[in-house]
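**Q** Given only the sequences and the hints, what does the whole structure look like? Please build it.
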Amino acid sequence: MYADNNPTVAILLWVAVICFLWLAWRKRDDTVNKGIRVGWGYFLMMTPRLCCALAMSAFAAELLPREIISNWLGASSGFQGIIIASFAGLLIPAGGVVAFPLALAMYKIGVGIPQLVAFLTTWEIFAIHRILAWELPFLGKRFVSIRILSSFFLPPLAGVFAALIISYI
Amino acid sequence: MKKKDKKKTLLAEPITRKIFDGSLYIFAALSILSGLAVWNFKGPQAFERAIIDAYELFKFVIPRVGAAVLIAAFLQLLLPRDLIAKLIGDDAGIKSILIATVAGAITPGGPVTSFPIVIALYLSGANKGALVAYLSAWAMIGFQRILVWELPLMGEEFTITRVSASFLLPIICGVIALYLPIKINIPNQSK
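Top line first, the protein sequences correspond to chains A and B.
Using our numbering, you'd call the opening residue of the first sequence number 1 and step up by one each time.
Using our numbering, you'd call the opening residue of the second sequence number 1001 and step up by one each time.
In short, the hints are calculated from the structure, not lab data.
Don't be surprised by glycine CBs; every beta carbon is placed ideally from N, CA and C.
Covered stretches of chain B (chain A as the covering partner; in silico rule of three or more C-beta atoms under 8 Å from a C-beta of chain A): (1) 1030-1041; (2) 1066-1078; (3) 1118-1132; (4) 1135-1149; (5) 1169-1177.
**A** As structure tokens, then:
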């Protein structure tokens, strides 16, 4: 996956940083310093979590039942795999620090991109811990039902869109 | 929370979490446990392979994360958030859904930032379609999670595919939500 070690994205990101620094500098106030301070805070917060995430992902790739998962969710599992993956996304009651390492481990052991897109989409919009801890208490039952009724088909749809994008581009 | 608090949250300073909190200890414990499991069930060679793998990826990821956190910080400071909230609240139709989708995508941070904004938008008169679109866009195509987690970990090919497959979805569910015959009723909040 990282075989070619392509630096294009890293360069683009740093170009964006320079643009933002320029925009902040144009305001002629404290924004540059503040931005760097906040960014540094994020970096300090991220790094230990990132180390855990990368280790977890590498270990999970060793531990996950490779054959079963790639049979059910591999690139050749098609629409059925997309549906299974959409339901599997409900099983992660945790934030990005757990979901992305797990997704990376699944990617490494051969889960197809459309299936993985469906899996992550379910986790993103229906993460069960977020609905229970935030959405139900703050926004109420009616809001949750409106959201479920309007969104339940989105994860498979995202998977199908991803499959179309891959096969046509 | 009172109405005034919500207004404040909308324009609040960027939220930074503590570096060492309970969640980090849990993640550290989880990674150590999974490491022990690999050593135990798959042998020291598998363990070593995994560590080398993780280290290689770390070297690859860290310059990207460095840029990503700065972009996240500056976007947060430079966005005219009150203007966006006004635009969403003032419109009753599809336009508000489109603006809400963009606003959700550029909302940084976790549920601590996004949910108070949903309530603030509701109080400033946003329709249910816009609220659903906002929350879905934040969850599916939120720039911060993409920049800080997805792009470094999953790589550009996956990220670009997923984001292109997803960027229309908040609009779709927003429009459906707008026409669903359920009246929205957010607890403990009166307009």
